[in-house]
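Spelled out, the chains give:
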Amino acid sequence: MTSRQHTQLFIFFASVRLTVIVLLTLAATSVIGTLIPQNQNVDAYLHTYGPKLYRLFSVLDMFDMYHSWWFRLLLVLLTINIIVCSLDRLPGVWKIVIKPPDFKPSRFLNASIQRKVAVSSIDRVQPILEKALFRSIGKVRLERFPNGYHLWSEKGRWTRMGVYVVHLSVVCLLAGGLIGSFWGFDGDVNIPEGETVNAIRSGNSGKSIPLDFEIRCDKFSVSFYESGAPSEYRSTLTILEKGAPVLTRDIIVNDPLRYKGVNLFQSSYGNLPSQNLALSFTSRATGMEYKINIAPGQTVTVPEGLGSFTITAFNRDHLFMGRSIGDAFVGTLSSPTGDTAEIVLPVKFPSFDKMRKGDVIVAIAETETRYYTGLQVASDPGVWVVYAGFLLMIGGCIVTFFMSHQQICIEALADGNICSVTIRGVANKNKIDMQKKMDAIATAAEQIKI
Amino acid sequence: MNSSGILSVVTFVYGFAAFLYLTSWIFKKTEPGRLATWVVFAGLMGNITGIAMRWIESYKLGYGHAPLSNLYESLIFFAATLATVYLLIEKKYHNRIIGAFAMPFPFLAMAYASLSPNISDRIQPLLPALKSNWLIAHVVTCFIGYAAFAVAFGLSIMYLLKEKDSEGKIRLLERFPKIGILDELGHRMVLFGFLFLTGGIITGAVWANSAWGRYWGWDPKETWSLITWFIYATLLHARLTRGWHGRRIAYLSVAGFAAVLFTYFGVNLLPGLHSYGAMVQ
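For the record, the sequence lines run as chains A and B.
Note that this note's numbering numbers the first sequence so that position 425 is 425, with each residue one more than the last.
Just add 450 to wherever you are in the second sequence, counting from 1, and you've got this note's numbering.
Honestly, the hints are just simulated from the structure, not real lab data.
Any given hint could turn out to be false.
[To be verified] Calculated cross-link-like contacts (lysine-lysine; reagent style BS3-like; alpha-carbon spacing at most 27 Å):
| # | chain 1 | residue 1 | chain 2 | residue 2 |
| --- | --- | --- | --- | --- |
| 1 | B | Lys581 | A | Lys431 |
| 2 | A | Lys429 | B | Lys581 |
| 3 | A | Lys52 | A | Lys99 |
| 4 | A | Lys431 | B | Lys542 |
| 5 | A | Lys429 | B | Lys479 |
| 6 | B | Lys479 | A | Lys431 |
| 7 | A | Lys431 | B | Lys541 |
| 8 | B | Lys628 | A | Lys429 |
| 9 | A | Lys436 | B | Lys619 |
| 10 | B | Lys541 | A | Lys436 |
| 11 | A | Lys260 | B | Lys581 |
| 12 | A | Lys207 | A | Lys155 |
| 13 | A | Lys219 | B | Lys581 |
| 14 | A | Lys436 | B | Lys612 |
| 15 | B | Lys479 | B | Lys619 |
| 16 | B | Lys479 | A | Lys131 |
| 17 | B | Lys581 | A | Lys436 |
| 18 | A | Lys155 | B | Lys542 |
| 19 | A | Lys116 | B | Lys628 |
| 20 | B | Lys614 | A | Lys431 |
| 21 | A | Lys116 | B | Lys614 |
| 22 | A | Lys95 | A | Lys357 |
[Stated by the list, open to error] Covered stretches of chain B (in silico footprint by chain A; criterion: 3 or more residues with CB under 8 Å from a CB of chain A, positions within the stretch not fixed):
| # | stretch |
| --- | --- |
| 23 | 597-610 |
| 24 | 658-667 |
| 25 | 672-683 |
[Stated by the list, open to error] One side of the interface only, derived from the structure: several residues of chain A facing chain B at Cβ under 8 Å:
| # | residue |
| --- | --- |
| 26 | Met62 |
| 27 | Ala229 |
| 28 | Ser231 |
| 29 | Val253 |
| 30 | Pro256 |
| 31 | Phe265 |
| 32 | Ser268 |
| 33 | Gln376 |
| 34 | Ala378 |
| 35 | Val383 |
| 36 | Phe390 |
All figures in this text were calculated on a predicted structure; none of them were measured in a lab.
Here a beta-carbon is modelled for each residue, glycine too, at the ideal position from N, C-alpha and C.
Using the sequences provided together with the hints, build the complete structure.
In structure tokens:
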């Protein structure tokens, strides 16, 4: 690249016009992802949009647009723009900020805000001016010249840096996000009560991510308000290192457990098939009821030569004629003649099988509720960079919006019989506040009016 | 009288105040305006009392939580912040015509909360996800920001009206603040709102990280708050570095407030994590 091309590239990236365009483009494109549901399955999209639109949208990454190359490109463009803009302007501002204060009255001659007051004596007005100037700006310096004096005060030079702090904070947020996406992971894991896991399922790829410690769920409980709405989900977790427990703690929503940079969040729960399941088999012929313990997958012989029974599945939200009947075991009854029938055993409706009108009625005799806890597991080493960015952004905004670099120079001049005071003010922002301060000084000076 | 009763009365008090400000402006009388200031103050006291009573009532019901947990509660809090921001401006700038453009907002917010059949004023227990110390910080910062943006919007509308009539032909606009003051004051409100919107997004992010293990998830409410942030950030850059003033800034401020309204109400039409801010199904 020639140096001219270099310069042109630099000018392109250093322009605030680019900032405005990128910000508005980000705003406009971000809308898309709130209208098209993100990260759904293919069938749902095909159903909603049809094959043509689906193909178009998926080419444009519309279904995961916030992670698409073009959205990331916009973010990268914004970052480069922020960095180049700041580097372009910072050296000049830095020079102003670190320069030792030097006073040149000539600098104020063309100040945009000026007030002029005629006074009877510049000596008598001096202490009043000093006091007023000190109150509105700060430390006052005095310089005399043959027929008068200058009073000068300055504050807030450093506030010119505020906007660069805000820009740095945005870079921190993007850098933190990047660190998180490279070195962080997140996923979820379901742990049945009493069981231990040492790996989780990745949220992105669905692959297994090993942990270098184990998590045991000792107990899960859910409590409800009187209205039936859930009040609290609570898991008692134990962390184990090489099989030895090192830490036991309860977690609830909004109060995660942090261990070795990995955070465990309460995110869901569910029921598991009971380990101690007992079924009752009632023979239609004899009316006798037999209670038999059974485990999922196990096959038992039904008395009176009525065949055998196997538990084949446990379904959450089992659908019966299109409606959910809650948790249900599903089993197969094989009669001695070789016929098989599928039997549904809903936990909530123990005598459901009566409807089938078979030779034997199968029902749940004993079961107990067993929960698993669903944990969100995340590790994000970038989060502290992001939090630092948050603090810088708030601090930087306060400085940038509500503080300014203010200078006031008062010239008191005795020209023959005419004594006058001229107040000149310069501020890089918030001129109205500056005007008010100067009005206050002018009002004070008017006490020594002719 | 319970809190809902008091808050229904406050709706009409705010409505009356807005009416007085409009009367004072249109008929050029100062007395209704002066009265209006006291009416707003009375309404605000009632509004705050209502919020406090609701807080106490929630403890009596055994739920015990700050009344910032659903659409109804956010609307009455929003009305209180709007009235407060307006009163501060009136005290500082001594212009009651702004009231004619600002006070309809708290009235509309309260009327929507009290009268809409879709919004329940029942005190409900907190969902597990909302049980956090961040709830108060998050909601308070967001709504102070929204209130500042609402007032900035009112000022931008005043600016656009006044600017159209540069020759001063329309007598209704005579007593509007000077065009430069409308511009500057609107900008001040945007700065204030932007700081609090930033604070609201940040408190929300920190909360999300402590509840779900991620500080940002592109949930529609998050995304729309960021869209709002982008629009106001554009406004600030255009003004502070490219020297935009006046009409173009006023249009951006109107666009920004449209995004605020969508972030607040429109997002409830989309699926996401902030559904507790939505209406009763």
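Hint check:
1. B:Lys581 x A:Lys431: violated, 45 Å
2. A:Lys429 x B:Lys581: With Cα atoms ~42 Å apart, Lys429 (chain A) and Lys581 (chain B) exceed 27 Å; violated.
3. A:Lys52 x A:Lys99: This hinted pair is violated, its Cα atoms lying about 64 Å apart.
4. A:Lys431 x B:Lys542: Roughly 16 Å separates the two Cα atoms, so the pair holds.
5. A:Lys429 x B:Lys479: Answer violated: Lys429 (chain A) to Lys479 (chain B) is near 36 Å, above 27 Å.
6. B:Lys479 x A:Lys431: violated, 32 Å
7. A:Lys431 x B:Lys541: The hint holds at about 20 Å.
8. B:Lys628 x A:Lys429: holds, 20 Å
9. A:Lys436 x B:Lys619: Violated - the C-alpha atoms of Lys619 (chain B) and Lys436 (chain A) are around 31 Å apart, more than 27 Å.
10. B:Lys541 x A:Lys436: holds, 16 Å
11. A:Lys260 x B:Lys581: holds, 26 Å
12. A:Lys207 x A:Lys155: Violated: Lys207 (chain A) and Lys155 (chain A) sit about 58 Å apart, past 27 Å.
13. A:Lys219 x B:Lys581: holds, 21 Å
14. A:Lys436 x B:Lys612: holds, 25 Å
15. B:Lys479 x B:Lys619: holds, 20 Å
16. B:Lys479 x A:Lys131: Not satisfied, since the Cα-Cα distance of roughly 42 Å exceeds 27 Å.
17. B:Lys581 x A:Lys436: violated, 46 Å
18. A:Lys155 x B:Lys542: Measuring from Cα to Cα gives roughly 25 Å; hence the hint holds.
19. A:Lys116 x B:Lys628: Given that 27 Å is the threshold and the Cα spacing comes to 24 Å, the pair holds.
20. B:Lys614 x A:Lys431: holds, 25 Å
21. A:Lys116 x B:Lys614: Roughly 35 Å separates the two Cα atoms, so the pair is violated.
22. A:Lys95 x A:Lys357: Not satisfied, since the Cα-Cα distance of roughly 93 Å exceeds 27 Å.
23. 597-610: violated (count 0)
24. 658-667: Coverage by chain A holds here, the residue count being 8 at a Cβ distance below 8 Å.
25. 672-683: Check passed, 7 qualifying residues.
26. Met62: It is violated, given that the least Cβ distance between Met62 (chain A) and chain B is near 13 Å, above 8 Å.
27. Ala229: holds, 6 Å
28. Ser231: For Ser231 (chain A), the interface hint holds, since the closest Cβ of chain B sits about 6 Å away, which is under 8 Å.
29. Val253: Since the shortest Cβ distance to chain B is 4 Å, the answer is holds.
30. Pro256: holds, 7 Å
31. Phe265: At 5 Å from the nearest chain B Cβ, Phe265 (chain A) passes the 8 Å test, so the hint holds.
32. Ser268: For Ser268 (chain A), the interface hint is violated, since the closest Cβ of chain B sits about 11 Å away, which is over 8 Å.
33. Gln376: holds, 5 Å
34. Ala378: holds, 4 Å
35. Val383: At about 7 Å, which falls below the 8 Å cut-off, the nearest Cβ of chain B leaves the hint on Val383 (chain A) intact, so it holds.
36. Phe390: holds, 5 Å
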